[in-house]
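Peer 1: Could you build the full structure based on these sequences and the hints that come with them?
With mature numbering (1 follows the signal peptide of the UniProt record, and there is no 0) as the guide, the letters of the sequence shown map in order to residues -20 to -1, 1 to 384.
Note that these hints are calculated values from the structure, not bench results. Every residue gets a Cβ at the ideal spot worked out from N, C-alpha and C, and that includes glycine. A few of these clues could be false.
[Unchecked claim] Cut-off 20 Å, straight-line C-alpha distance, at most; resulting in silico cross-link-like pairs (PhoX-like, lysine-lysine):
| # | residue 1 | residue 2 |
| --- | --- | --- |
| 1 | Lys30 | Lys19 |
| 2 | Lys71 | Lys30 |
| 3 | Lys99 | Lys43 |
| 4 | Lys109 | Lys84 |
[Claimed, not checked] What follows is a list of derived Cβ distance ranges for each label pair:
| # | residue 1 | residue 2 | range |
| --- | --- | --- | --- |
| 5 | Leu242 | Arg31 | 52 to 60 Å |
| 6 | Gly244 | Gln66 | 47 to 55 Å |
| 7 | Thr228 | Asn26 | 46 to 54 Å |
| 8 | Glu194 | Asn26 | 27 to 35 Å |
| 9 | Leu40 | His131 | 30 to 38 Å |
| 10 | Glu130 | Thr(-2) | 37 to 45 Å |
| 11 | Gln66 | Trp291 | 20 to 28 Å |
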Amino acid sequence: MVYLSVSLLLFFFATDLLTPCDVHDTNCLSKTTQEFLEKTSAGIPNYDIKRLDPLVIPKLEIKFSEKSDTVLHFKDLTVTGLKGQQFSGFKMDTTAKTVELQTKADLEIVGDITLEMRKKSYTGSYAAKGTALGTAKYDYAFKTDDKGVEHYEIGTETNECQTLIEPQVTYGQELIQALEKATSTPLPFPACRADNIECLRRGLRTFFFLMDSEYLGMNTVDPIILNSLTVALPEEQLSFLMRRINVTGARWTKLLERKFNLPGGKNGVRFLSDLHVTGEITMTTAARLEPFLALITMDIQGVESNVTYSWAGERGVDNEDYILIGPERIAVRNSRTPTFFLQTGDKESVSMMERVLQVKTSVLDHIANEITISLMHSIMDNFRIFANKVPAKHYYTYGSVEDN
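Peer 2: Rendered as C-alpha cells:
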C-alpha cells in the first residue's frame, strides 16, 4: 500500500500533473488518477514525489506466527505494475473531511528470499505475479500558507490490501535443492490446527508447489497427463474415447471445507478447482464404421471435489507420530456445464461431434467428472506420500486426536 499514498492528491495539485475533478465525477476521477500515476511513476524531485514504478523494497520480514520459528526475509524486492493501477472507488465525506480511495493493480515482484527455519537459513530467488486491490483511508484539511495560498493537506492514513486472484509464486531451484539436501522436514508452511481453514489454505498453496517440485518423491499434478478415459452410451449407440489428456490448473485448487468424524470414522475435505483440458477425442457410432476424430480443448470451471478417507496414527522408528491415509472416495459436482471447442482437419468430424456434445451435455459432465476424479486421486496419493514421510508435528498442531 506504499504506492497508494502518491495517488491521493486528486484535486489540489499542480495543474500540469492532473485535471481537477468534481468529487462525484467517477469518470474524471478515474482518468485523472491514471494520468497522475503515469506522469509521476518515475518520480518528481521538485515535488518530493518518489519513484513509484518500479518500486524497490530493500527488505521485508514475515513471521508466520509468534510461536513459529519460521521467518521469511525478503531482500531487494522490485515491484512493477504500480503505474498501471486502475481507479476502483472513491468516497469523500466533506463533513468529517475523510476520504476512502481504492485502486486495483496487476503486480509483478522479483527479489531474493532467505528462509530462516530451525536455526538454519536457506537463500534463493523469489518471483510472484498477482492482482491486488488497495484501499487507503485518510483525513484531510485545507490550510493557508504564509503567502495566502490554500493547500489540500492529507492527514493520517491507514492502508489495506487484498489479493483478487491467487498470486503465482515461484521459488528458485537453488532454494528447493538446498532444502531437500538439508532437511527431511517439509518446506515452510506453518503447522495448523486441523480445523483452522485459513491456515490450511495457506499451507495448501505451498503444498501444491511441493508436489510440482516432486518433493519427497511426490508426483507433479500441474500439468498432469492422463492416458485415456472412455464414456459409453449404449442406449444411444455412442461411445467417446479421450487420449493424451493434458490437465492444467490443479495448483490453484482451493480448500473449501474440512469435515471430521464422518460415518465409519472417516474425515473429509472439499476442494474447488478450475481446470483447463486438452486432448484427442474419438466418437464411435453404430451407424458408421469409421470413428470421428478431433482435438478437444475444454474448460472445467468451478468443479467441487468431495473427498472422504480413513486414517490412522502410527509411531515411527524415530519416535515421531505419522498419519497413515487410507483409501479415499471421491464425489465430484460441476457447478456449470464445461465449455469446449474442437479442432481437426476433418470438418465432418468436428461438425458431427459438436452437434452431439452440445445436445448431450451429460457427456461433457461425465468426461469432466472422470478427469477431476483422476486428478484428485493423484493429489491424494501425494498427500499419502507426504504424510508417510513427514512427522505430523511439522504440519499439524496437536489438538483433538480426532482432528486430522
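Peer 1: When the hints from earlier in the document are held up against this structure, which numbers fail?
Peer 2: Hints 2, 8, 10 and 11 not satisfied by this model.
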